[in-house]
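Here are the chains, one letter per residue:
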Amino acid sequence: MASVTYDQATRVYPGQERPAVDALNLEVADGEFLVLVGPSGCGKSTSLRMLAGLEDVNSGRILIGDRDVTDVQPKDRDIAMVFQNYALYPHMSVADNMGFALKIAGTPKAQIRERVEEAAKILDLTEYLDRKPKALSGGQRQRVAMGRAIVRQPQVFLMDEPLSNLDAKLRVQTRTQIASLQRRLGVTTVYVTHDQTEALTMGDRIAVLKDGLLQQVGTPREMYDTPANVFVAGFIGSPAMNLGSFAVADGKANLGDTHIPLTRTTIDALTEEDKGEITLGFRPESLDVATEGEEGAFAINVNLVEELGSDAFVYGQLAAREVAEHVTSGAGEAQLIARVDPRRPPMKGDKIWVKVRAGEAHVFSSATGLRLPA
Amino acid sequence: MTATDASDAVAAAVGPRRRRLPSRGSRRRRLSFDYVSFMLVFLGLPLAIFLIFVIWPFIQAVFYSMTDWTGFTAEFNVIGLGNFEKLINDPIFMRAMGNSIKIAIVVPLVTIVIALTFATLITVGGSSRGQIRGIRNSSFYRVVSFFPYVIPAIVIALIWRQMFDPSAGLLNGILTGLGFDQFESYAWLGKVSTALPVTMFVIIWGAVGFYMLLFIAAIKGVPAETLEAARIDGAGRFRSAVSIVIPLIRDNVQTAFIYLGIMALDAFVFVQALNPSGGPDNSTLVMSQQLFRTAFTQGQFGYASAMGVVLAIITLLFAALVFIINWATGGRDEGGRA
Chain L
1 MASVTYDQAT RVYPGQERPA VDALNLEVAD GEFLVLVGPS GCGKSTSLRM
51 LAGLEDVNSG RILIGDRDVT DVQPKDRDIA MVFQNYALYP HMSVADNMGF
101 ALKIAGTPKA QIRERVEEAA KILDLTEYLD RKPKALSGGQ RQRVAMGRAI
151 VRQPQVFLMD EPLSNLDAKL RVQTRTQIAS LQRRLGVTTV YVTHDQTEAL
201 TMGDRIAVLK DGLLQQVGTP REMYDTPANV FVAGFIGSPA MNLGSFAVAD
251 GKANLGDTHI PLTRTTIDAL TEEDKGEITL GFRPESLDVA TEGEEGAFAI
301 NVNLVEELGS DAFVYGQLAA REVAEHVTSG AGEAQLIARV DPRRPPMKGD
351 KIWVKVRAGE AHVFSSATGL RLPA
Chain X
1 MTATDASDAV AAAVGPRRRR LPSRGSRRRR LSFDYVSFML VFLGLPLAIF
51 LIFVIWPFIQ AVFYSMTDWT GFTAEFNVIG LGNFEKLIND PIFMRAMGNS
101 IKIAIVVPLV TIVIALTFAT LITVGGSSRG QIRGIRNSSF YRVVSFFPYV
151 IPAIVIALIW RQMFDPSAGL LNGILTGLGF DQFESYAWLG KVSTALPVTM
201 FVIIWGAVGF YMLLFIAAIK GVPAETLEAA RIDGAGRFRS AVSIVIPLIR
251 DNVQTAFIYL GIMALDAFVF VQALNPSGGP DNSTLVMSQQ LFRTAFTQGQ
301 FGYASAMGVV LAIITLLFAA LVFIINWATG GRDEGGRA
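Chains as they are written, first to last, in the UniProt record's numbering: chain L, 1 to 374; chain X, 1 to 338.
It is worth saying that the hints were derived from the structure and are not from the lab. Glycine is no exception: its CB is placed at the ideal position from the N, C-alpha and C atoms. Hints should not be assumed to be uniformly reliable.
[Unchecked claim] Quick list of in silico lysine-lysine cross-link-like pairs, DSSO-like style, CA-CA up to 27 Å:
(1) L/Lys-103 to X/Lys-220
(2) L/Lys-121 to L/Lys-134
(3) L/Lys-134 to X/Lys-102
[As the list claims (entries may be wrong)] Restraint ranges, calculated between C-beta atoms of paired labels, are given here:
(4) X/Ile-325 to L/Asp-130: 51 to 59 Å
(5) L/Gln-111 to X/Val-242: 20 to 28 Å
(6) X/Leu-43 to L/Thr-176: 51 to 59 Å
(7) L/Asn-165 to X/Leu-43: 40 to 48 Å
(8) X/Val-143 to L/Ala-23: 35 to 43 Å
(9) L/Ala-105 to X/Ala-312: 44 to 52 Å
(10) L/Thr-107 to X/Trp-205: 41 to 49 Å
(11) L/Asp-130 to X/Thr-255: 26 to 34 Å
(12) X/Met-94 to L/Thr-107: 26 to 34 Å
(13) L/Val-72 to X/Lys-220: 53 to 61 Å
(14) L/Gly-332 to X/Val-144: 52 to 60 Å
Required output: the full structure, derived from the provided sequences and hints.
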């Protein structure tokens with residue numbers, strides 16, 4: 001067991017100006033499950049591969065425990081990795097796949113057998129030990145890849161989108177299995193995914209990356225409740241947070257006929273660069289259905305209603321057409337999402353009035369994108 | 001009543017068979033012009049060419065091997081297996097066969113070991129840290145090592161014959177220059193002990209580049225993730241090559257073995273150019289060379305055909321042996337590259 005530390009770790013691919021991972025500082029505590037999440041090309045896989053030793057570190061250091069492993073070969077780092085495509089050895093049986101690392105390490109045969117069988121029991125693979133990977137289903141292969149990592153009893157588990165090749169149902173199942181297995185084994189784990197739901201459900205802490213830069217690290221709750229900037233706000237949460245750019249005047253955020261009151265601290269935190277504008281974020285569940293004329297209420301033209309049984313989500317646009325494009329859902333298109341009472345959903349084409357529940361709006365500087373005090 | 005109806009009626013009469021194959025009648029193709037012309041052009045034509053130009057000459061050769069045909073007259077007598085009996089008691093041919101077999105054992109083995117080593121170095125032999133890559137400047141080595149294959153075999157053989165020349169050759173020049181005076185006028189191709197090994201060396205030199213390229217292509221087909229997984233599992237470069245790379249490209253190795261074996265059992269161009277007379281004490285004489293001599297110099301086409309038949313049988317046995325060895329060592333359930 002050991003902690004993992006990235007100390008200003010940077011990776012620049014040959015022939016590229018911009019670093020794929022830019023001065024990453026990150027600490028993973030002993031036994032912690034940390035999820036690296038971000039859109040594709042954000043450097044999350046590169047960060048993981050740097051930790052594995054499969055990618056060079058151009059500057060900075062990487063430590064496992066107190067040991068500087070920056071220049072250590074992958075085979076000497078005492079880590080185990082689960083790959084997206086599982087990377088099983090096709091010419092070996094399941095048992096040989098799982099025992100390969102121990103065989104190389106020169107572990108006695110009986111002990112290998114024992115540890116492989118133990119891992120197989122945990123993962124429900126006992127009856128498949130003599131099969132070749134090609135005779136297994138996707139989910140079973142995934143479990144063999146997990147088994148190969150467990151058998152090693154390494155200091156750190158690295159997982160590179162291990163669930164992305166599974167179908168939706170199996171993914172949800174395996175998600176909980178991996179999370180509970182990790183808690184049981186207590187092995188420090190770094191897990192890469194592009195799926196923010198996976199990140200929220202599995203991680204002790206989440207690190208969000210974008211363009212090689214670390215945006216925010218925190219517990220799932222922190223990430224959801226207090227996103228540090230506009231990007232994290234739009235990325236974490238499903239459906240995504242609504243983000244709108246508002247003009248500040250009279251202590252209020254104004255967009256068309258909508259006026260949302262701001263606190264004194266928020267207005268004081270605004271600077272010259274913001275040019276009298278502010279970015280307001282509000283989650284779909286922070287919207288209450290209101291009536292016309294209420295203070296802070298705005299009208300939405302309903303384009304689509306998504307009924308999930310427990311919830312119903314309204315997808316629409318601001319009724320004030322000239323400003324409708326100022327409100328987007330996450331980083332996406334100009335639309336607004338609101339959660340409504342699933343027993344009394346509006347119809348497509350309706351016009352409904354909603355207002356942001358007091359204290360649930362997130363405010364960000366429009367110049368820097370950083371969170372402002374509310 | 002159409003033909004299909006008629007056959008249906010017959011099938012109905014047969015009863016149980018029809019029940020077992022219910023869709024048979026409906027799936028039968030009609031002999032439309034489209035179907036017939038397609039079959040003629042894409043199946044009939046190639047098959048006819050194959051039969052006329054491949055199978056029939058085989059049969060002819062086997063037939064002539066049982067005659068005393070000289071090749072230059074129209075007359076011959078069928079003498080049964082007489083030619084084969086003569087072959088077994090022909091010390092020169094047995095010598096040639098022995099040499100051919102020696103070449104067929106050494107050349108494929110050495111070529112494949114060298115080609116695999118180079119291919120591994122060039123593709124996955126680089127630093128054990130960072131991405132999977134070959135040694136430095138590997139693309140340069142790859143191009144350079146392919147050069148020999150671009151040169152025609154006859155030219156290779158003639159170049160090396162000049163190199164091995166006892167008095168004017170480059171090799172002896174270098175060796176004496178380095179102070180090994182015993183090589184002053186050493187006849188590499190003229191001594192029984194060195195003629196055959198030197199010949200094998202030239203064949204290997206000419207073949208390594210191509211097989212290296214073949215293995216490089218095969219190794220590039222192994223997913224990088226698999227090699228990375230091995231690396232994280234603790235496998236060094238050598239271990240990865242032996243435990244992961246080679247098992248995953250064994251089909252290619254088998255194919256290379258058979259190709260090389262066939263080439264080595266022939267080897268005509270090389271031996272003929274290096275030692276047209278068959279070498280000292282026939283030490284580099286091979287079957288194809290003796291066959292050529294018997295047919296065109298000695299005018300015994302019947303006898304030469306018998307040699308050809310023996311050569312063909314040995315080649316087939318070689319291929320069968322490679323398949324059996326591959327099968328027996330666990331190659332039978334490979335191929336699943338998940």
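Structure-based check of all given hints:
1. Note on L/Lys-103 and X/Lys-220: the hinted pairing holds, with a Cα-Cα distance of about 26 Å set against a maximum of 27 Å.
2. With a C-alpha separation of about 21 Å, the suggested pair L/Lys-121 and L/Lys-134 falls inside the 27 Å cut-off, and the hint holds.
3. Between L/Lys-134 and X/Lys-102 the alpha-carbon distance is near 40 Å, which puts this suggested pair outside the 27 Å criterion.
4. Under the hint 51 to 59 Å, the C-beta atoms of X/Ile-325 and L/Asp-130, about 24 Å apart, miss the expected range.
5. For L/Gln-111 and X/Val-242, the Cβ-Cβ distance of about 23 Å falls inside the hinted range of 20 to 28 Å, so the restraint holds.
6. Distance hint check: the CB atoms of X/Leu-43 and L/Thr-176 are about 57 Å apart, consistent with the given range 51 to 59 Å.
7. For the pair L/Asn-165 and X/Leu-43, the beta carbons lie near 41 Å from each other, so the given range of 40 to 48 Å is met.
8. At about 39 Å, the CB distance of X/Val-143 to L/Ala-23 agrees with the hint of 35 to 43 Å.
9. L/Ala-105 and X/Ala-312 have their C-beta atoms about 51 Å apart, which keeps the hinted 44 to 52 Å range intact.
10. Between L/Thr-107 and X/Trp-205, the C-beta spacing of about 44 Å keeps the proposed range 41 to 49 Å intact.
11. At about 29 Å, the CB distance of L/Asp-130 to X/Thr-255 agrees with the hint of 26 to 34 Å.
12. Checking the proposed 26 to 34 Å range against X/Met-94 and L/Thr-107 shows it is violated: the Cβ atoms sit about 54 Å from each other.
13. L/Val-72 and X/Lys-220 have their C-beta atoms about 27 Å apart, which leaves the hinted 53 to 61 Å range violated.
14. Remark: the range hint 52 to 60 Å for L/Gly-332 to X/Val-144 is upheld by a beta-carbon distance near 53 Å.
Violated hints, in rising order: 3, 4, 12 and 13; the structure is consistent with all others.
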